[in-house]
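Protein sequences appear in the order of chains A and B. Each residue of the first sequence is one higher than the one before, counting from 1161 in the working numbering. Each residue of the second sequence is one higher than the one before, counting from 702 in the working numbering.
Incorrect hints may appear among the rest.
Label-pair restraints from in silico Cβ distances [unchecked claim]:
| no. | chain 1 | residue 1 | chain 2 | residue 2 | range |
| --- | --- | --- | --- | --- | --- |
| 1 | B | R812 | A | A1304 | 51 to 61 Å |
| 2 | B | P724 | A | P1317 | 47 to 57 Å |
| 3 | B | E986 | A | T1388 | 23 to 33 Å |
Here chain B is said to cover these stretches of chain A; the calculated rule only asks that three of the stretch's residues, wherever they fall, bring their Cβ under 8 Å from a Cβ of chain B [unchecked claim]:
| no. | stretch |
| --- | --- |
| 4 | 1196-1210 |
| 5 | 1308-1314 |
| 6 | 1364-1375 |
| 7 | 1378-1391 |
Since the hints were made in silico from the structure, they are not lab data. Glycine included, C-beta positions come from ideal geometry on N, C-alpha and C.
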Amino acid sequence: MISQARVFEALATVHDPELDEPITSLGFVGSCVVGERGDVDVHLRLPTPQCAPNFAYLMASDAREAVSRVPGVRAVGVVLDDHYTAAEINAAVGAGAGFGAAFPNESAGDLEALRELFQRKALLARQGRVCTMLLEDPAADDAAVVALRVCDLPDHPEVARCLALRRELGLPYEPHAPALVAGDGSPLTAGELALWLRRARLVGLSLESNGGICRSLLRVRHGVPDPTEEVAT
Amino acid sequence: MYETDGEKYFVFDTHLHFWDASPANWVQGAEQYAKGWIECFHAYQSLGPADTHWSLEHFQKYSADDFEKDVYVDGYVDVAVSQPTYLKEWYAKGFNALEQNAELLDRFPGRFMVNGRFDPREGEAGLAQLEADHERYGFKGVKLYTAEWHDGSRGWALTDPAAEPFFAKCEELGIKNIHVHKGPTIWPLDKDSFDVKDVDIAATSHPDLNFVVEHVGLPRIEDFCFMATQEPNVYAGLSVVVGALMHARPRFFAKCMGELLFWVGEDKMMFGSDYAIWEPKWQIEGLVDWDYPDDTFSDFPRWTTAAKKKVLGLNAARLYDVEVPEELQLAEGEGTPATEDDAQLVEGRA
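Hey, can you work out the whole structure from these sequences and the hints?
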């Protein structure tokens, strides 16, 4: 029988595209039941019933796909609970029908452009954290940092996450590629690094503070513990 | 007026409501949305200090007496402007429609204003309604909620061609403050409904109108900041930033304030409590008391007494032509006007 832990591992590969965090650490997986014959039943719950339907759909549909890939899984049911478009989303995700089928006449295309937009924000935020790390070295100035190559980067999970996303977005990630890249894959110049880093930090702050508000609301509404809590509310 | 440490602050609350979300006002067949909406707001309230939390029943419907106590008696507010949210597909009389907010007009003369609204999907009838509303109430601003549902549509954008006659009407009538509030839905649903790019385009096309982006574009504070640096007529409404973050997430709040002061600047930020989600009292006291927690924030602009005075009231008073008593204005030479330096910084690449 497939272990629940194995299914959870698969769910941990699903990110909230808007927050760049796994749905498992965000507390969005309400329940996950593995039946004896390989049937998996996952319930997702979001911080509010009014969370944006497009991101909700992406998470539900990505969750279904991730769990389906676990060897031995026979059937997957992913149900989004307590959401004002739950009926539409659950029906379309269950049928593998796509976002357009969930909201006929309300959608002009699929969600891949939206996903890429947020992947690019995530990449900027991730690279910003790597850049901050690099600048902590007292010997490093802006010119030295922009001259670094991928192969010069430290062995760090944030670096690995950057490179994985660059690969997914079709941006250079090979050992000789620049350690930090602009949105078009070109290297940054020393002159623009300071402002680029300001932007990257702001994007990172946005993703993190949204995640914080989501966690606070989940804690209030569903009693989900919040490991990032700053003050008891 | 709020007075502490020998300083006096004129308080203009740019974002509050007088709503009725009690079950008696829920539209039959849409109860789940009406209930979900107010319960979501109620959860937001819990991000404030525990002694300011209300019961759900009280939160669903509060009285004019409650409003007076919370906003004017305990809340230090000198002048307040209500921002309507209709949601008539869910709430029979509206959630806090213009007429509902206007019930308070006679009670607080000179201290309470209503803003109007429009929805371009209502076409000619909507345009006539805007004109009639303005004739009756003479408001200087409107609140636009782009995620409002209307007749099968789940939202709109400021760039929709149908919105243009409404902006022209606002210019004609002298309705110069356009408060924009983004929500989770819009047409088409596959786009990012929180994107503020449409505000950017509208602000460029209408340089005589002021665009106040409510809750600083959250959850897209970064897009908002990059836009606001470039558009002289785009302002930051601080509602939600203070309420949801100052108490519950002080480190995030400090970072947000630092970024806003850097990118948007103290001349273009305006306090809003978002009452009744959060009471104004603790937000005003907290904002005046607030400073960066440590020296890791040294590369952000300082939160000076002059900045506090502008953000708490003086900036909004200017936009709404409200006279501020002499003793509450900035003293000669107090504070320095914003420079163009920040705006020049944004020509970079992401």
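Structure-based check of each hint:
Checked against the hint of 51 to 61 Å, the C-beta distance between R812 of chain B and A1304 of chain A comes to roughly 59 Å, which is consistent with it. In this structure the hint that P724 of chain B and P1317 of chain A lie 47 to 57 Å apart at CB holds, the actual value being about 49 Å. Remark: the range hint 23 to 33 Å for E986 of chain B to T1388 of chain A is upheld by a beta-carbon distance near 26 Å. With 3 residues carrying a beta carbon less than 8 Å from a beta carbon of chain B, the stretch 1196-1210 of chain A meets the three-residue requirement, and the given coverage holds.
Check result for the stretch 1308-1314 of chain A against chain B: violated, 0 residues qualifying (beta carbon to beta carbon below 8 Å, three or more required). Taking a C-beta to C-beta cut-off of 8 Å, the stretch 1364-1375 of chain A contributes 7 residues in contact with chain B, enough for the three needed, and the coverage statement holds. Given a C-beta distance limit of less than 8 Å, the hint that chain B covers the stretch 1378-1391 of chain A holds, as 4 residues qualify and 3 suffice.
Violation of the numbered hints given earlier is confined to hint 5; every other hint is satisfied by the structure.
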